[in-house]
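> Kindly produce the complete structure, drawing on both the sequences and the hints.
Number of protein chains: 2
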Amino acid sequence: MADVSSATHEFDLVLLGGGTGGYVAAIRATQLGLKVAVVEELILGGTCLHRGCIPTKAFLKSADVYDQVKSAAEFGVNVKGDIEFDYDGALKRSLKVVEGQYKGLLYLFDKKYKIPVFIGRGELIDDHTVGVTPKDGSAPFSLRGKYIIINTGSRPRPIDGVPYDGKQVINSDHAVVLDKLPKSFIIRGGGATGVEWASVYHRYGTPTTLVGNVVPMEDKEVSDQLARSFQRQKLPVIQGARPTADDIELGKNGVKMRVKDAKGKESVVEGETLLVAIGRQGNIEDIGLEKLGIETKGSYIPVNDMQQTKVPHIYAIGDVNGKQLLAHTAMHHGLIAVEHIMGLNPFPLNEEMNSPSCTYCEPEIGSVGLSEQEATKRGYNVKVGKFPMKPNAKAVIEGHPDGFAKIVADADTKDLLGLHIIGPHSTEMIAEGGVARLLESTPEELAIAVHPHPTISEVIGEAAHDWLGHAIHI
Amino acid sequence: MADVSSATHEFDLVLLGGGTGGYVAAIRATQLGLKVAVVEELILGGTCLHRGCIPTKAFLKSADVYDQVKSAAEFGVNVKGDIEFDYDGALKRSLKVVEGQYKGLLYLFDKKYKIPVFIGRGELIDDHTVGVTPKDGSAPFSLRGKYIIINTGSRPRPIDGVPYDGKQVINSDHAVVLDKLPKSFIIRGGGATGVEWASVYHRYGTPTTLVGNVVPMEDKEVSDQLARSFQRQKLPVIQGARPTADDIELGKNGVKMRVKDAKGKESVVEGETLLVAIGRQGNIEDIGLEKLGIETKGSYIPVNDMQQTKVPHIYAIGDVNGKQLLAHTAMHHGLIAVEHIMGLNPFPLNEEMNSPSCTYCEPEIGSVGLSEQEATKRGYNVKVGKFPMKPNAKAVIEGHPDGFAKIVADADTKDLLGLHIIGPHSTEMIAEGGVARLLESTPEELAIAVHPHPTISEVIGEAAHDWLGHAIHI
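Sequences listed follow chains A and B, in order.
For the first sequence, the numbering used here assigns the number 474 to the last residue and increments by one with no breaks.
For the second sequence, the numbering used here assigns the number 474 to the last residue and increments by one with no breaks.
Hints may contain errors.
If several chains are the same, the list does not tell them apart, and a pair holds so long as it fits within one copy or across any two.
Simulated crosslink set (EDC-like; lysine to aspartate or glutamate; CA at most 20 Å straight-line) [unchecked claim]:
{"no.": "1", "residue 1": "Lys70", "residue 2": "Asp179"}
{"no.": "2", "residue 1": "Lys70", "residue 2": "Asp86"}
{"no.": "3", "residue 1": "Lys111", "residue 2": "Glu398"}
{"no.": "4", "residue 1": "Lys260", "residue 2": "Asp247"}
Bear in mind the hints are in silico, worked out from the structure with no lab data behind them.
Small disclaimer: the values here were computed from a predicted structure and weren't measured.
This is the structure:
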């Protein structure tokens with residue numbers, strides 16, 4: 001890290017928070033000639049790198065490998081002997097991946113761009129000053145910035161009355177460093193985080209029960225497909241349940257949770273450990289917002305298209321502005337804020353319509369824009385096109401011919417409103433949807449565009465043909 | 001198959017050839033209300049389904065699984081015992097995949113669209129008549145069509161003076177049904193087919209030498225990257241060699257080939273079997289072209305944008321028109337020809353600029369449009385943007401952080417001219433390039449488009465940022 005004591009404390013831009021959006025903003029600002037400092041409470045890289053996206057996907061990859069090894073004979077690869085899942089090995093690899101990415105980030109900050117990072121608690125003192133209480137106990141100091149970007153991120157929300165203890169009741173922050181697997185899990189919450197961890201632990205062989213609606217923000221056909229897939233994988237899911245603290249009993253031998261499923265059937269689920277993934281909340285406390293009259297809404301800081309708060313030279317990017325709690329969205333916020341500071345007239349991001357969501361459970365989900373249900377609710381004359389993975393040769397070859405691609409578009413204007421994919425490589429394939437949405441594409445254009453053969457991406461082309469009324473391979 | 005004898009022999013459209021382009025054209029024409037017949041010499045589905053794309057990718061998948069099982073411990077999956085590659089298992093799976101796809105196609109023809117398929121040798125008798133000599137030896141007959149589409153495909157070209165015997169000297173047609181692995185291979189030809197089979201056999205553990213320039217049609221940096229990767233994998237490649245029949249000795253114990261590499265160094269390579277993959281040639285012989293004055297060029301039938309030959313109601317689609325010998329190109333030709341017949345004014349396909357190529361060796365390659373070298377040769381003011389896989393978190397997580405994405409664009413007009421990707425999932429990710437090219441995108445648009453995190457597709461966004469002068473994560 002850069003030497004603080006000798007550094008002047010006057011900057012063009014001070015980043016309050018060195019998570020994904022913050023570090024991207026810091027790098028871009030430095031490229032553009034600004035003098036930048038970052039204040040970060042925990043560690044440069046934030047949730048995504050250290051406690052979120054990256055380690056989770058490493059754990060998921062280990063589950064994929066385990067599945068692949070178990071089914072190897074089907075592909076002509078014979079394993080003569082037992083196959084053992086080594087959780088410690090998976091954990092170590094995850095930590096190693098994170099460490100490697102972290103080192104890359106440190107290289108960019110320390111060597112390439114020479115951006116000072118102050119590890120400590122930051123707080124807005126006035127509209128140009130961030131006070132820093134260093135983590136190492138040294139004396140507090142202040143950083144002055146012509147511009148300030150708030151990027152304090154978010155944290156897992158607890159169930160009211162059931163605080164996290166990091167052992168019996170954990171969240172994703174704890175899961176990524178869990179040093180050994182409990183005997184069994186209850187996972188409360190079926191959003192992306194919940195289904196990913198359920199997909200990890202279930203496939204690791206640990207009895208796991210998922211309590212909550214499965215990816216409720218996705219298109220209903222996608223949620224239904226994932227629920228069916230979990231059922232086939234024998235991963236127990238209790239949809240519709242919304243247990244409160246009253247339904248949860250933390251005992252010596254584990255957790256008991258009273259649940260009522262969507263059909264009203266009551267039961268008690270048990271697990272050694274309860275992983276809670278019911279959502280996140282913005283980190284807005286004790287950072288001096290009130291002092292400056294920067295308003296909050298719920299746990300988030302409202303901003304405009306350029307990510308400006310009500311104080312025009314103070315921006316808020318990433319999770320804490322509450323627009324869309326995704327790392328790539330934070331990155332784009334960072335770029336937009338900095339380019340706006342520089343007067344570069346950046347293109348605004350339409351998070352809801354143009355920024356894809358990815359869920360990396362088995363099977364994967366990638367989606368962008370509106371679901372059929374949401375589009376209908378908003379009054380569009382909705383028309384959908386759909387094509388399953390089953391007839392797709394490459395999906396069959398890869399051994400995962402489950403899922404589909406679905407196109408939601410306006411029947412009147414032909415505007416593509418949403419693309420939803422569940423099945424192999426969905427998280428990679430959805431990038432096409434991001435480009436198609438940005439360029440205001442139509443289903444006809446996606447049908448004319450060449451999707452190479454044999455690839456799974458052909459299902460997108462076929463879904464577009466289906467939208468036009470004439471898929472070929474079904 | 002439909003009953004021939006009772007069928008009238010008058011059709012709206014006769015397809016001469018039931019390969020990929022032909023079957024797609026037949027289905028689309030039937031959807032549009034045409035009465036269609038297909039004449040196919042061998043088997044419905046053609047090269048791609050039975051002897052090309054599909055079985056090859058199944059064999060490649062088995063190699064991927066073998067690699068993954070061998071490296072499983074790195075991901076926390078311990079295999080206690082020997083790992084054996086079972087070629088017979090891989091072959092059986094490939095045949096099963098092909099059989100499944102073939103059954104799907106038969107369902108479409110026999111049950112859903114009820115399109116008669118005549119298995120036999122077809123030949124143009126006059127400009128509305130295809131004569132058929134049935135394969136089963138029954139009496140020849142004729143089919144009349146208001147329109148005719150020629151889709152006779154292509155076949156592997158032999159080395160002059162070294163005919164295929166299917167045992168010692170084979171091509172990809174033979175490889176897909178090879179009932180046991182020879183002790184060693186020479187593979188002559190480094191195009192997509194050659195490198196794919198080299199990647200299969202080398203990873204199966206069979207000593208294999210590749211003789212020829214590695215993917216010479218790809219961007220030079222892609223070819224160089226693949227050559228380096230093969231070197232790291234210890235797959236011997238002799239680039240620059242162009243052996244003729246004089247250099248090849250077919251002996252009792254195998255094949256000897258005298259080769260001279262790019263640096264002029266001479267050596268002799270040996271193998272039990274020689275797999276030749278030096279290119280393909282169109283099937284234009286004895287199908288009556290001369291009679292109708294339909295000209296040929298080399299071994300191909302020139303056509304216009306709507307796939308019409310010089311006889312306007314006779315079209316030629318797919319490999320035999322020589323525009324681009326790829327299955328997805330053939331499919332689009334089929335759609336265009338049929339929609340043109342119906343007066344639907346189809347959007348023409350710019351094969352060279354808008355139809356991606358995929359190579360499924362390890363590492364994969366996906367590309368669309370012009371290479372840097374080709375764009376320069378054509379006088380564009382070429383500017384490139386590039387981003388490596390190495391810093392990409394998802395590529396690291398998947399254990400394959402080799403390769404890069406490269407954007408070729410016109411510095412003056414900002415037009416995207418080409419996208420080239422080598423590395424994991426390239427063949428899926430290139431679909432984005434197809435859409436971006438069709439929609440006449442610019443690098444700036446690809447940078448603004450959201451590539452979700454963590455995905456490998458981020459390298460495309462970063463390559464676009466690099467083109468603009470400011471990649472972030474490097």
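> Now look at each hint and say whether the structure bears it out.
Hints versus structure:
1. When the C-alpha separation of Lys70 and Asp179 is checked against a cutoff of 20 Å, the pair qualifies neither within a copy, at 24 Å, nor between copies, at 26 Å.
2. With identical chains, the CA atoms of Lys70 and Asp86 are at most 20 Å apart both within one copy (14 Å) and between copies (15 Å).
3. In this assembly of identical chains, Lys111 and Glu398 lie within 20 Å of each other by CA distance neither inside one copy nor across copies; the values are 42 Å within and 27 Å between.
4. Taking the closest pair of Cα atoms, Lys260 and Asp247 come within 20 Å of each other only inside a single copy of the chain (10 Å); across copies the shortest separation is 77 Å, beyond that limit.
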